[in-house]
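Take a look at the letters that make up each chain.
2 protein chains.
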Amino acid sequence: MKETFAPLAGGRRATGGGGAPPAPAALAAKVRTLAPSMTRSMQRVAEAVAGDPAGCAALTVTGLAELTGTSEATVVRTARLLGYPGYRDLRLALAGLAAQQQSGRAPAITTDIAVDDPIADVVAKLAYDEQQTLADTAAGLDTVQLGAAVAALAAARRTDVYGIGASGLVAQDLTQKMLRIGLIAHAPGDTHLAVTNAVQLRAGDVALAITHSGSTGDVIEPLRVAFERGATTVAITGRPDGPVTQYADHVLTTSTARESELRPAAMSSRTSQLLVVDCLFVGVAQRIYESAAPALAASYEALAHRHGALRGDRGR
Amino acid sequence: MKETFAPLAGGRRATGGGGAPPAPAALAAKVRTLAPSMTRSMQRVAEAVAGDPAGCAALTVTGLAELTGTSEATVVRTARLLGYPGYRDLRLALAGLAAQQQSGRAPAITTDIAVDDPIADVVAKLAYDEQQTLADTAAGLDTVQLGAAVAALAAARRTDVYGIGASGLVAQDLTQKMLRIGLIAHAPGDTHLAVTNAVQLRAGDVALAITHSGSTGDVIEPLRVAFERGATTVAITGRPDGPVTQYADHVLTTSTARESELRPAAMSSRTSQLLVVDCLFVGVAQRIYESAAPALAASYEALAHRHGALRGDRGR
DNA sequence: GACCGAACCGAAAATATCTTTCATGAGTGA
DNA sequence: TCACTCATGAAAGATATTTTCGGTTCGGTC
Chain A
1 MKETFAPLAG GRRATGGGGA PPAPAALAAK VRTLAPSMTR SMQRVAEAVA
51 GDPAGCAALT VTGLAELTGT SEATVVRTAR LLGYPGYRDL RLALAGLAAQ
101 QQSGRAPAIT TDIAVDDPIA DVVAKLAYDE QQTLADTAAG LDTVQLGAAV
151 AALAAARRTD VYGIGASGLV AQDLTQKMLR IGLIAHAPGD THLAVTNAVQ
201 LRAGDVALAI THSGSTGDVI EPLRVAFERG ATTVAITGRP DGPVTQYADH
251 VLTTSTARES ELRPAAMSSR TSQLLVVDCL FVGVAQRIYE SAAPALAASY
301 EALAHRHGAL RGDRGR
Chain B
1 MKETFAPLAG GRRATGGGGA PPAPAALAAK VRTLAPSMTR SMQRVAEAVA
51 GDPAGCAALT VTGLAELTGT SEATVVRTAR LLGYPGYRDL RLALAGLAAQ
101 QQSGRAPAIT TDIAVDDPIA DVVAKLAYDE QQTLADTAAG LDTVQLGAAV
151 AALAAARRTD VYGIGASGLV AQDLTQKMLR IGLIAHAPGD THLAVTNAVQ
201 LRAGDVALAI THSGSTGDVI EPLRVAFERG ATTVAITGRP DGPVTQYADH
251 VLTTSTARES ELRPAAMSSR TSQLLVVDCL FVGVAQRIYE SAAPALAASY
301 EALAHRHGAL RGDRGR
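Protein sequences, first through last, are from chains A and B. Going by the numbering used here, the first residue of the first sequence is number 1, and it counts up by one from there. Going by the numbering used here, the first residue of the second sequence is number 1, and it counts up by one from there.
None of these hints come from the bench; they were simulated from the model. Note that the coordinates shown come from a computational prediction; the quantities given were computed from them, not determined experimentally. For glycine and all other residues, C-beta sits at the position ideal for the given N, C-alpha and C. Be aware that a few hints might be false.
The following label-pair restraints were derived from C-beta to C-beta distances [as the list claims (entries may be wrong)]:
| # | chain 1 | residue 1 | chain 2 | residue 2 | range |
| --- | --- | --- | --- | --- | --- |
| 1 | A | Y289 | B | Q102 | 26 to 32 Å |
| 2 | A | S260 | B | A135 | 18 to 24 Å |
| 3 | A | G182 | B | R229 | 38 to 44 Å |
| 4 | A | Y128 | B | S291 | 24 to 30 Å |
| 5 | B | A28 | A | G217 | 22 to 28 Å |
| 6 | B | D121 | A | A297 | 30 to 36 Å |
| 7 | A | A293 | B | T62 | 50 to 56 Å |
| 8 | B | S291 | A | L193 | 32 to 38 Å |
| 9 | A | A293 | B | G182 | 44 to 50 Å |
| 10 | B | D142 | A | E228 | 35 to 41 Å |
| 11 | B | P294 | A | A114 | 15 to 21 Å |
| 12 | B | T33 | A | R88 | 27 to 33 Å |
| 13 | B | S291 | A | R88 | 49 to 55 Å |
| 14 | A | R40 | B | S37 | 37 to 43 Å |
Using the sequences and the hints given, assemble the complete structure.
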C-alpha cells in the first residue's frame, strides 16, 4: 500500500520526461507529424487511433493490440511517442477527442484536389486545408518552448535565421519583421554565407533554423556551428525528432498536413511555419513593446502615407 | 505471424444488467438526479466528480478515494450508480466531458491581441485571425478572374512576378513553385531589374503584380511596362480600385483583415496573397498536368530521398 | 435504555489492465 | 555474405480496478 500522498489532483499533471504536454485535441495532427518517424507497427496503431478515436477509447491495451495486429508493447510505445506517459493517458485523451468530435460539427472531410476539379472547388479546398493546417499547428505548438524562444529572441544581441527553398522565404519574412521593430536579424542567402555568419555568433545571440524535413543539411550545418559557439538555438521543424533538433535548445513543431500530388507538402508546411514565425514575432513585440511601439507606429505611418496618396483613404 | 485478425472489440463485458447506457454529457444532471438516493460517502464522490470533471479524470480510483476521504469501493459504487460499468468507464466519460467543456469556451478570441496577452492566447488569436483571413479571401475571390489568370499563366511563354517587401516573398514563392513544374518564371529582386525584364515581355507572356496597397510604385511601374508591351497582366491586390488595376487585365482581390498595433496588416495580407497564389499554382498545375506530373513526382522523389536518409520508412 | 436488523463503509484480497524487460528475427549497410 | 542495428512480441513485473468480507453506524423496536 502506497499511502504516499494525495497527488494534488487539480493542478496540471507533472509533464513526464517527454517535455511535450499531452495534446488535447491536436491528436490527429500529432499523428501526422510523427507518422514518418514511426515504425510500421506503430503506424498501424497510430492510424487506428486517429481514424476512430471513439472506438479505440473503448479498447484496452490488449484489445487495441489485437485490432491492429500488434502487441501491447507496441501500443504503449506508440502512446509514448505521441507524448503521453502511457496508454492509459492516451486513452483518456482519445475519449476527450471523441467527445469533442461528437459535440462539434460534422468532420467535414474533404477529398483531395483532383485534376478535373473546377476552379471554385480548388479555392474552397485549398482554403479549408490551410485553415486546418493552422488549427493543427496552433493546437500542437508547445507554448513553453515558444515562450522560451521568444525570450531568447527578445534579448538577443543579434539573430540569424536559416532556411532554404520555401523555408528560406519564411526565414526572410521573420527577418523583415524583426528588423522593422528594431531588432538585428539576418537571413543569409546561401549556406556558405550562413556558416560564415554563424561563426560570429556567441552566447546571447540566437540562431533559428527553419526546415520542414528536419534534416536539411544546408540549414543544420550553420545551426550546429552557432550551437557550438554558444548561441541560443531554435529549430522550427515538422520533424521534432529530426537531426536538426540535436543542435536546438528550443524546438517548435510545425504540423504536417496530408498532401496530395497537386498539393505538395511545401504548401502546408509554409503555412504552418509562417504561423509559428508570426507567433514569435508578436511575442517578441510584446516583450520589447516599449522600444518596438515607435517602430510599429512608424510602419503604420509609412503605410498610411502610401494609402493617402491613393484616394480617400478609408483608414483602418 | 499470427494474423488472427480479431473481428471486433466486442470481447469486453457487456454493459451490466443496468440497461442504462453511459451518459455522455448529462453527467452533472445525473448527479443531481441521483443524489438523493446516494449515501453520504457516495455523494461526496459524486460532488467531486461533477464539480471538477477534468481534475477527477486525472485521478486513479485510489486518488479520487483519498481526495474525497472515502475508499476505492465507494468510488466504484458511485460509478455504478451513475450508470457506468465501473470507475474506468466513468473516468473515460469524465475526460470526454472535460474536453467538451474546454472546447466550449473557445470564442473568447474576438479581441485584439494585447500587450499583456499570455503567449498561448497569442497563438490562438493569430491562428484564428489567419483562418478568418483565409475564409474571407476564399469567399471574395472572383473565380472567373482567377480562371482567366490561370489560363494565361498556363499558356505563357514566360512569366514575371513583381512584388516588394512582404509581397516580394509571395512573388518568390509563386516563382519557385512555377519553376518546379517546368514553367518559366522570374521574380526580379529590385525595381530596376523588374522594369528591365518587363521590357522584354510581349503578347503571350504574363506579368503578375502583387501589392497589398495597390499603389506601390515599384510594382506598378514594371506592370505598366509589361501592359504596354502587350503582355497579359494580372494584379493581386487588396485594393481593387487602386492604381495598379489600371494596367491589369485580371484583378484578384485579397482580403484586408482588421489589424492592430501588434498585428500589422502585412500579416493578413501575406496570408491572403499566399492563398491566391496557391490557387493560381494548383489551377495551372491542373491545366498542364501532363507535363507537370513528372515534375511533381520528381519533387516527391527528392523529398522522399531526403527523408530516407533520416530513417528507413516511407509509408504514404 | 437495550437490542436487532439493515445498510454503509473501508481494508485487503482477487482480478484486470498496463508497463517493462528481454530474446528473437528481419532488414540494412559494409 | 556477415555483422549489426533495431523493430517486435511474449512474458514477467507493476499498477490500477473490482470484489469480497467483516466491522460499524444508524434507525427502529421492545
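Going down the list of hints, with the structure as the test:
For the pair A/Y289 and B/Q102, the supplied restraint of 26 to 32 Å holds, since their beta-carbon distance comes to about 30 Å. Checked against the given bound of 18 to 24 Å, the beta carbons of A/S260 and B/A135, roughly 21 Å apart, stay inside it. The beta-carbon spacing between A/G182 and B/R229, approximately 42 Å, falls within the hinted interval of 38 to 44 Å. In this structure the hint that A/Y128 and B/S291 lie 24 to 30 Å apart at CB holds, the actual value being about 28 Å.
For the hinted restraint 22 to 28 Å between B/A28 and A/G217, the CB-CB distance of approximately 56 Å leaves it violated. At roughly 23 Å, the beta-carbon separation of B/D121 and A/A297 lies outside the given 30 to 36 Å, and the hint is violated. In this structure, A/A293 and B/T62 meet the distance hint of 50 to 56 Å, their C-beta atoms being roughly 53 Å apart. The hinted window of 32 to 38 Å between B/S291 and A/L193 holds, with their beta carbons roughly 35 Å apart.
Look at A/A293 against B/G182: about 47 Å separates their beta carbons, and that is inside 44 to 50 Å. Our hint of 35 to 41 Å for B/D142 and A/E228 is violated, since their Cβ atoms are close to 53 Å apart. Checking the proposed 15 to 21 Å range against B/P294 and A/A114 shows it holds: the Cβ atoms sit about 18 Å from each other. Look at B/T33 against A/R88: about 30 Å separates their beta carbons, and that is inside 27 to 33 Å.
Checked against the hint of 49 to 55 Å, the pair B/S291 and A/R88 passes, with Cβ atoms roughly 53 Å apart. Judged by the Cβ atoms, the range 37 to 43 Å given for A/R40 and B/S37 is violated: they are separated by roughly 52 Å.
Hint violations for this structure: numbers 5, 6, 10, 14, all remaining hints satisfied.
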